[in-house]
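**Q** Chain by chain, the residues run as shown.
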Amino acid sequence: MDFANLVAQLNAGTILPEGIIIATLLLVLVGDLIVGRTSSRWTPYVAIAGLLAAVVALYFQWNNPNSISFLGGFNSDSLSVIFRVIIALSAALTILMSVRYVEQSGTSLAEFLVILLTATLGGMFMAGADELVMTYVSFETLGISSYLLTGYMKRDPRSNEAALKYLLIGASSSAIFLYGISLLYGLSGGETRLTAITANILANNVDQSIGLLIALVFVIAGIAFKIAAVPFHQWTPDVYEGSPTPVVAFLSVGSKSAGFALAIRLLVSAFPAVSEQWHFVLAALAILSMLLGNVVALAQTSMKRLLAYSSIGQAGFVMIGLVLGTEAGYASMIFYLLIYLFMNLGGFACIILFTLRTGTDEISEYSGLYQKDPLLTLCLSVCLLSLGGIPPLAGFFGKLYLFWAGWQAGAYWLVLLGLITSVISIYYYIRVVKMMVVKEPEEMSEAVKNYPAVNWNLPGMRPLQVGVVFALVTTSLAGILSNPLFTLANNAVLLTPMLQPTITTIQPAPNPATPGYADLESETKEAIEG
Amino acid sequence: MELQYFLLLAAALFCIGIYGLVTSRNAIRVLMSIELLLNAVNINLMAFSNYLDPSGIKGQVFTVFVITIAAAEAAVGLAIVLSIYRNRDTVDMEQFNLLKW
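Quick note, the sequences are listed as chains A and B, same order. Note that my numbering has the first sequence beginning at 1, numbered continuously upward. Note that my numbering has the second sequence beginning at 1001, numbered continuously upward.
Since the hints were derived computationally from the structure, they do not count as laboratory data. Backbone N, C-alpha and C define an ideal beta-carbon position, used for all residues, glycine too. Treat the hints with caution; some may be incorrect.
Unchecked claim - Just a sample of chain A residues kept apart from chain B, beta carbon distances all over 12 Å, derived:
1. V35
2. W42
3. A57
4. E131
5. G151
6. N160
7. I169
8. I176
9. L178
10. L183
11. L291
12. Q371
13. I420
14. E446
15. K449
16. N455
Unchecked claim - Beta-carbon label-pair distances, calculated as ranges:
17. B/L1003 with A/G36: 36 to 44 Å
18. A/T360 with B/C1015: 43 to 51 Å
19. B/L1003 with A/V473: 55 to 63 Å
20. B/Y1019 with A/L27: 44 to 52 Å
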């Protein structure tokens, strides 16, 4: 068979960005094998260049009319493009901040990069997976490489323990997810493509069966594990505390966004028959996440644990957008994730910098940092205040849009709860800022008293500095200049055909030839209106 | 033979796996319970594939993928257990309590 012909038939051009990342991965791996340990001077930059090239390639995928590829296995619509951009950018920023961290810990950098790129690849495929086998394989690619990253500091018992906990909880939750998927396969009478599943479930008249509900619950359990929603969050604080900080940064943004992409695609296209039920379950998860995440964060003494609970709370906010099911809801969710990418990674970059210089991540050790390192203090304060939603920083506009979309869709209780919990969250973010800025010189902590002179010329420090400054600039400016991001998020939703039938109630179905489509549409209409 | 028997077998195996997951203290036993969960899914997929999709056999293909990934997961899992055993001299889940608030 002619190779070019095969590529054209499978529409393989849609996975060009992933192809670039695979090539980069191999280059880093083989380059490291040939050159040896000195390769750490160039491998991170090769990896970042590859990721940025993938982002450029994704730019050309935007609004691709022929988005279905690999016989329906992969869908490169605008929604997946924007999520893939988020995941690739989060990996690139993570590499910037991990160079020094990995070198200082004395482990091999190239292996770290290879595993991180594999995780990115899994996340990106997951964002576009349109078929059950593809979904599961990419879910596990992301999962298994995350376990490896978590346990990367193999001489540190805390990292080991975090990896073991993550692996056991992750593997069991993915098995549960898989059981749900196998039920879905059976209920649809042997279909693995998400769109065909919906049509067959309606045609087989099993759309109200208990089996479908069980499948739904199991699938939600798997997704909720990935996005760390309460009550599937138990791994989060332990893993965040024990694993290397750059890995935590990636997990909190890249892995989480991939989970949200999976949630939108799977729930919207495979479960419209039980749309009311999944909206209800997700609303409950959102409420629990916002409450528990933000309240438990108040009592934390370790910075990484604080950010772990804060990320649980943030996942709750993002889930508001998912629950609404309106165009504005999805758009606000993407907008918030775009902003969350910069502010959360900025926060983690600052924590990494502080840990590298002092060797601790206790919150009390940050007191009086302002006198010794104003840049770090400024950046960490801006990122934390932005996470808390203080105007005019980016996080404020993200939350504003989310809550506005919620209010428009009539989800008053969710919005009110979101407002209350974000006030709580401001308290614990401000506590850290106050600790750093307000303290008198004599109240300085031991770690800050022995703070080493700021030296950016150590190997691997420059990338970290670039990361910190970049996050600082984007977090402070993205709020005021948020219009392009806002348009981007809106267009991503508008240009995604999958999200249209559930959103528009007036327009005719784009593909009336599919059997059972009319039933589906009237049903989703009822679900939205009722 | 009817489809239900296979589904019941799979469900029973899945429950045994969950039980093992919740009660085991030894990390290796937990890993084995996870294998049980995955094999329950495999039975499910094979049964559905034989009864509902005999021409497409997508379920059988899916099973091959699941077996492969289960092997990868077990390899990573055992590697992590090995490294934790080197550092802590135990694989007892109750002993792993460095991380908690």
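**Q** It remains to establish, for every hint, whether it holds in the given structure.
**A** Hint-by-hint comparison with the structure:
no., hint, in the structure
1, V35, "holds, 26 Å"
2, W42, "holds, 28 Å"
3, A57, "holds, 27 Å"
4, E131, "violated, 9 Å"
5, G151, "violated, 5 Å"
6, N160, "violated, 4 Å"
7, I169, "violated, 10 Å"
8, I176, "violated, 7 Å"
9, L178, "violated, 5 Å"
10, L183, "violated, 7 Å"
11, L291, "holds, 17 Å"
12, Q371, "holds, 30 Å"
13, I420, "holds, 23 Å"
14, E446, "holds, 22 Å"
15, K449, "holds, 27 Å"
16, N455, "holds, 32 Å"
17, B/L1003 with A/G36: 36 to 44 Å, "violated, 57 Å"
18, A/T360 with B/C1015: 43 to 51 Å, "holds, 45 Å"
19, B/L1003 with A/V473: 55 to 63 Å, "holds, 60 Å"
20, B/Y1019 with A/L27: 44 to 52 Å, "holds, 47 Å"
When each numbered hint is compared with the structure, violations occur for hints 4, 5, 6, 7, 8, 9, 10 and 17.
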